[in-house]
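Chemist: Here is how the chains run, residue by residue.
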Amino acid sequence: MIEEQPIPSRATPQRADSAPSDVGTALPELAGKSGAAFWQSLEEVSGTERFQDFLRREYPDQAEKMLDEPERRTVLKLMGASLGLAGLAACTKQPEERILPYAKNPESTVPGLPLYFATAMPWARGSIGLLVENHQGRPTKIEGNDQHPSSLGATDSIAQASVLELYDPDRSTTILQRGRLQTYDDFLTELRTALNVQDAKKGAGLALLVPTIVSPTFARQMREVRELYPRARIVQWEAIHRDEARAGAIAAFGKDVMPACDFDKAKVVLALDSDFMGGGPEGVRPTRDFTKHRKVRKGQTAMNRLYVVENAPTVTGMMADHRLPLRSRDVENFTRALAKRLGIDVKTSASTSPQHDAWIAAVAKDLQSNTGASVVTTGDWQPAVVHHLVAAINEKLGNVGKTVRYLPPVDCLPQDKSQVETLRELAAEMNAGRVEVLIVLGTNPLFDAPADLEFAQAIAKVPLKIHNGLFLDETGIQCDWHVPGAHFLESWGDARAADGTVSIVQPLILPLYGGKSAIEIANAMLNKGGESAYEAVRATWQKDRPDAFETNWRRWLHEGLVPNTAAGAVSGTAKAVSGAATEAATGIEVVFRPDPTIWDGRFANNGWLQENPKPATKITWDNTVQIAPALAKRSGLETGDVVDVSVGGRTVRGPVWVSPGHADNSVTLHVGYGRTRAGHVGNDAGFDAYALRTCDATWNTVGVQLAKVGETIAIASTQEHVDYDIVREEVKKRQILRVRTVDRFAADPHSLDVEDRHHEEGETDWYKKAVQREIDNGSRPVGDYQWGMVIDLNACTACGACVTACQAENNIAVVGKDQVLRGREMHWIRIDRYFEGPEDAPRLHSQPIPCMHCENAPCESVCPVGATQHSPEGLNEMVYNRCVGTRYCSNNCPYKVRRFNFLLYSDYVTETLKLQRNPDVTVRSRGVMEKCTYCVQRINLARIASKRDQRRIREDEIVTACQQVCPAEAITFGDIADAKTAVSGLRAQPHEYGLIEELNTKPRTTYLAKIRNPNPELETA
Amino acid sequence: MKDHPKTEAREALIGPGHTIASITDKISEIVLAPLAKTPLGWHAVMGIASVGVIALVTTIVHLVTTGIGIWGNNIPVGWAFDIINFVWWIGIGHAGTLISAVLLLLRQQWRTSINRFAETMTIFAVACAGMYPLLHTGRPWLAYWLLPYPNTMGMWPQFRSPLIWDVFAVSTYATVSILFWYTGLIPDIATLRDQTRSKIARFLYGTLAMGWRGAASHWNRYETATVLLAGLSTPLVLSVHSVVSFDFAAGIVPGWHTTVFPPYFVAGAIFAGFAMVLTLALPIRAFYGLKDFITEKHLDNMGKVLLATGLIVTYGYAMEAFTCWYSGSAYEGYALQNRLSGPYGLFYWALILTNCTVPNILWWAPARRNIWILFAVSMSVNIGMWLERFVIIVVSLHRDFLPSSWGMYSPTMWDWGMFLGTIGFFVAAFFLFLRLMPIIAMFEIRLLVPKSGVTGKELPHDHDGGAHSSGAQGAGAPAMHDHASRS
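Top line first, the protein sequences correspond to chains U and C.
Heads up: the first sequence begins at 2 in the numbering used here, then just goes up one per residue.
Heads up: the second sequence begins at 51 in the numbering used here, then just goes up one per residue.
No lab work stands behind these hints, which were simulated from the structure alone.
Don't take each hint at face value.
[Stated by the list, open to error] Which chain U residues face chain C? A few, computed with CB under 8 angstroms, are given here: (1) Arg-74; (2) Thr-566; (3) Gly-569; (4) Lys-734; (5) Arg-735; (6) Arg-739; (7) Thr-742; (8) Val-863; (9) Thr-887; (10) Tyr-889; (11) Ser-891; (12) Pro-895; (13) Arg-899; (14) Val-924; (15) Gly-928.
[To be verified] Covered, in the sense of this in silico footprint (three residues per stretch, anywhere, with C-beta under 8 angstroms from a C-beta of chain C), are these stretches of chain U: (16) 691–702; (17) 822–829; (18) 832–840.
[Unchecked claim] SDA-like, lysine to any residue: derived pairs with alpha carbons at most 25 angstroms apart: (19) Lys-733/U x Phe-372/C; (20) Lys-734/U x Ser-391/C; (21) Lys-734/U x Lys-418/U; (22) Lys-734/U x Ser-379/C; (23) Lys-770/U x Gln-208/C; (24) Lys-634/U x Ser-391/C; (25) Lys-818/U x Ser-248/C; (26) Lys-634/U x Pro-393/C; (27) Lys-733/U x Ser-391/C; (28) Lys-734/U x Tyr-394/C; (29) Lys-418/U x Phe-254/U; (30) Lys-733/U x Ser-377/C; (31) Lys-733/U x Thr-407/C; (32) Lys-1003/U x Ser-379/C; (33) Lys-733/U x Pro-393/C; (34) Lys-733/U x Gly-378/C; (35) Lys-354/C x Ser-391/C; (36) Lys-818/U x Thr-116/C; (37) Lys-734/U x Phe-372/C; (38) Lys-770/U x His-307/C; (39) Lys-733/U x Gln-387/C; (40) Lys-818/U x Pro-393/C.
Small disclaimer: the values here were computed from a predicted structure and weren't measured.
Beta carbons: idealized from backbone N, C-alpha and C, even for Gly.
Work the whole structure out from these sequences, hints included.
Modeler: Right, here's the structure in full:
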């Protein structure tokens, strides 16, 4: 039989570098060469006699056999033999292996029921506590830990999607030394040899490149590394760093502090280019706090007010009562002018635009009348002076100690320089050849380091480069050693939240591919290779809190946090802001921002995040060159036009997105796209905006040229580009979004009813009566419970966490850019976005749309096979097995919430993805319709429990996935037949309404209208 | 009955100089002639159509193995080419029954030379139409669940769904049409059986003729069956397309939910059907020199029907637009606005041009006798009726209630593959039929020969004893009887 011979593929881009390899020894003249050039010339050198000789020696037999044309007789013989031997194989006695039945359950498991474990997701700006659903040893779904201060039970979309990252089939699975398989012991040997050399030099040639350290254990280890190798460099690098905030805090207080804003105590919030409700896990708690006072109910006359000044619409901007589109560069002068008006002695620029003066005056007045109950906040991308100014303003307003507290930074290993500075020094050291061993743990500088550092060239000069990460990424492939990383769901660790609270990160599953966490690598460096990460973490905490350690440890694991680790507020008085105002450079600025879904690019290979539409633009799978309509008009650009964005001799090429509400003369580029080694999902999506980003301009630069290339790219937005005015008109006419000011709502709560109702009550009661008749004569069974949902449009921030949570809970397939372009995305809940007002400065609204579970469902009557049915409890149910796929139901659904498997979207092949699936939800095959079920599996789980205990289902027992994840608590679900439930209470609110209810569909999902709280002075202006 | 006008006074429906024998020879020759004598045009058309058949088979295989995602359908446009083409083909299939049944009952003699055409067209058009609802489902192998049959699942179809009504309407229509068509073929098959010199052909035609000998009792049963089937088919002409229109009218989509749909769909179907009859008849008439049987009088009449139904359809469009405006509903209003000036506005105006404007040339009598103009008008209507369905289905669906879910539709190569494939299949099947069966009902044309003595205004419905077969014409000869002499 012919066996496959392990002939190394020539196509595999392996690196040989200067280190000797077998091929290298065979061809001494090539040994000095390195990189791609070596393999490119292989085709040429392979022709030489020497190389042929080498090949014969290396593969003496097979090489020739493979080249020989097989004779016909040989082929026939082999075929005959294969056939005969194939039968023979069946005769082999299989080795005896004993399997054991599940005779004794592991403690506390009930087959079919999940267990939940507390853990935490490390995050550079404050980790988030999680509860992870675990089915028979496999984590399937992430929930927030309601005891954790960063979560309070909710999460964001990135935390939701982290479980998919765990099962990503593109994760690296093997330890590689320059492309060759190696064992961990080989790696340890090499690491030890290299470190032994460094021992003598006190680590002068050693450098570590790690993400911002939020793990106390890892920080302890790094301190120990510093003791062993005092001259070693430990560089922390996050592409989305807080260097400017840090510099601002140092300027104001002389030390680094992080402002913690209690938005729940604020009546007026001013966000100066700050996306405090967005930005991954760190936005969860602020969202919860801020939206607490957005939930206006009957009789309520007050709510908080949000002013947002920003250049591109974010979730925070979408929530604003007043939103001012402003170039990011102009925020400084805006803030100076505001500070001045508030009576702070600062220099202002002469060039403040007069049209903003009214705005500034009104905001200042509002802030002054709410001293001690307001918050001014700014984003990490604003220069240090703005952070300083904001500190001064908050102090002036008397907010410090009331709504604003200053906490020590979340980093567990603070540095005395900014991240950009330390990275720049590292690059210089590497270029000078002074770095001999570089250990990169979980960062990807070759993708996200500032472009002017030329990190790829610098790293090539390091003799030994070691990479540890989940993926063999852009950095991993250039390193000599790659050790697969362990995901946080499969490793031990600890992590600090924004307020300092520490959670123990406990694994939910053994490492799928034997990955090693940074703690384990650090242990190896510290010559404690025998100590596991578990022991390391315990060691840290045993030392820190020795009292009743074992008992406490169990409690910490169980509760998901170590009590009393929250940091105390730091006191300090902001120094006066000195220095003249920066004259805002004119011209077009370019602004770099983390992507709203894939962050800095580390989640580029995550299909759930890639397909989650970005809140303001609804774009999936791409980043764009976002510009204002006015700039687009002036430059003759339209959405989809490919442009070259050039600044300082660097150019990136990407498609234009004309974004209503974007500031004029400003270009927003979201980083994180354009990955080349992300994996099958993330490769070649979008363009790499990091290529424009330099050390001196990490967030913002001016003097940008936009040059039309002449091509267009189709951008997969889930809300198709339709004429702005038509949509605005139609949305208004159809009363899809009902918006009132809080004053008008307080004066006349019923003003939100549609004024020109299409029918008088009683006129089209025909359906209602028909339903009642059916109930009366028993042909329409009525269940014990009647499920319904109310969504508070005033609380929804459009963050998109519900979309990912639903995807995780309900095994919803990812379809890819091409299918999204065709309008075939599969999300069961979507968030619609609408604009109100002029294109240059519109108000943005969002509206989550799950299935409405109509009482008179138009989909039910048209299905020819009865595959969609009304349950006695009011659910509109899909029977996948019965569906033949006529799509009539979808055509007839006025809300277009039904999703069709046009192709085989579900992955039935990839083993790891199967592990993620929720066993309680069917995986849909091609040709069937699907849609939101109100998480019927959760309803049934509660029903089983209630029947077992012979009681009614308790109100808090059923929480739908979208409701559970929502940081704003905008979604309420429950029994609408029971007047005492929260959902019934909301349905009785005067501003509750059904979407296009004049169709008489009688939706079970209804909305609470959006209530705005405008400043009268600005509203009239 | 006695004083009906003389046919001589009217324009003859058959060319001069034809005898019963010459009719039989001329028409049966098309079938019985050796292959070499088949006109070049037949080969050319068949060749092109075969490419279409290959495209159809390829598309279906790819479709069933991969899923309907190979088409351009999406959410919100769940139905597109699949249902457009289904309705289009069903519409085309309407002329057959109308000509055979309704005109038979209305005693319109001019129908005789084109009824076979039209019936055959119906059969193949319905076959093409039938493919779509079956194959457009996500899981076509389960499409039989739409049929009411006792099963272990204990499930019936959901009878409130218009799609179920469709299943009944279309399957009934197909069954009755096939019966009608085959019944009408039997006397002519018997003629072919008697005329052919090939043993195989005689066996095959003989089998298909089911022992027809032209006996008086045969004619008696034939006439009874024909009238019964005509009576059965007549309501079907109205019902099938009414039911098809319910697919839309019963939905709530703005642009679908319209009470005018049933009558306007029926008129549209007749419009489309006659256009297709002309599209097929004009070339075949030229290829085979059948000008004596399909006379200018026929063309003139068909032109008039086209004009009349075209005006009804135009009225339908006008009423649709009026209702949208008059309803005052925001959704209907926008649906209209979107039709007129939305991204697919061009399609609407093209529809108005092809269906409402172009046919007006037929007011001018010479145009109705000019084959070039007629052919152009018929093609215009074929396209226009396709556009009508595009406008109703795609343009209504792509922008319905919530502007957030508005989308666009564009067909893929597989949409076109299926559409052009069914056209290829239709043409190929039709031309194959042309080569194997008499395309004009010989026995009915014979009645038009003045010598036959039948006045042309009467149904040959009373045969007792009066029928006798002409030896020269064999068993397939018409029953010749003289009403005038008996009354």
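Chemist: Hint by hint, note whether the structure agrees.
Modeler: Here is how each hint holds up against the structure:
1. Arg-74: 38 angstroms, violated
2. Thr-566: 44 angstroms, violated
3. Gly-569: 47 angstroms, violated
4. Lys-734: At 4 angstroms from the nearest chain C Cβ, Lys-734/U passes the 8 angstroms test, so the hint holds.
5. Arg-735: Holds, because the Cβ-Cβ distance from Arg-735/U to chain C comes to roughly 5 angstroms (cut-off 8 angstroms).
6. Arg-739: Hint on Arg-739/U: violated, closest Cβ of chain C at ~14 angstroms, above 8 angstroms.
7. Thr-742: 24 angstroms, violated
8. Val-863: Given a least distance of 5 angstroms, the restraint on Val-863/U holds.
9. Thr-887: 5 angstroms, holds
10. Tyr-889: 6 angstroms, holds
11. Ser-891: Interface hint status for Ser-891/U: holds (5 angstroms vs cutoff 8 angstroms).
12. Pro-895: 4 angstroms, holds
13. Arg-899: 7 angstroms, holds
14. Val-924: Check failed: Cβ of Val-924/U comes no nearer than 15 angstroms to chain C, outside 8 angstroms.
15. Gly-928: The hint holds - Gly-928/U has a Cβ within 8 angstroms of chain C, the shortest such distance being about 3 angstroms.
16. 691–702: Violated, because only 0 residues of the region 691–702 of chain U bring their Cβ atoms closer than 8 angstroms to Cβ atoms of chain C.
17. 822–829: As far as the region 822–829 of chain U goes, the hint holds, because 3 residues have Cβ atoms under 8 angstroms from chain C.
18. 832–840: Three-residue rule met by the region 832–840 of chain U, so holds; n is 3.
19. Lys-733/U x Phe-372/C: Holds, because 24 angstroms separates the two Cα atoms, which is no more than 25 angstroms.
20. Lys-734/U x Ser-391/C: 19 angstroms, holds
21. Lys-734/U x Lys-418/U: Roughly 57 angstroms separates the two Cα atoms, so the pair is violated.
22. Lys-734/U x Ser-379/C: 10 angstroms, holds
23. Lys-770/U x Gln-208/C: 22 angstroms, holds
24. Lys-634/U x Ser-391/C: 23 angstroms, holds
25. Lys-818/U x Ser-248/C: Between Lys-818/U and Ser-248/C the Cα gap is close to 62 angstroms, so the pair fails against 25 angstroms, i.e. violated.
26. Lys-634/U x Pro-393/C: Measuring from Cα to Cα gives roughly 21 angstroms; hence the hint holds.
27. Lys-733/U x Ser-391/C: 20 angstroms, holds
28. Lys-734/U x Tyr-394/C: 22 angstroms, holds
29. Lys-418/U x Phe-254/U: Measuring from Cα to Cα gives roughly 16 angstroms; hence the hint holds.
30. Lys-733/U x Ser-377/C: 18 angstroms, holds
31. Lys-733/U x Thr-407/C: Violated - the C-alpha atoms of Thr-407/C and Lys-733/U are around 37 angstroms apart, more than 25 angstroms.
32. Lys-1003/U x Ser-379/C: 19 angstroms, holds
33. Lys-733/U x Pro-393/C: 21 angstroms, holds
34. Lys-733/U x Gly-378/C: 15 angstroms, holds
35. Lys-354/C x Ser-391/C: 32 angstroms, violated
36. Lys-818/U x Thr-116/C: Status holds; Cα separation ~19 angstroms.
37. Lys-734/U x Phe-372/C: Measuring from Cα to Cα gives roughly 20 angstroms; hence the hint holds.
38. Lys-770/U x His-307/C: With a Cα-Cα distance of about 22 angstroms, the restraint between Lys-770/U and His-307/C holds, given a limit of 25 angstroms.
39. Lys-733/U x Gln-387/C: Answer holds: Lys-733/U to Gln-387/C is near 16 angstroms, not above 25 angstroms.
40. Lys-818/U x Pro-393/C: With a Cα-Cα distance of about 23 angstroms, the restraint between Lys-818/U and Pro-393/C holds, given a limit of 25 angstroms.
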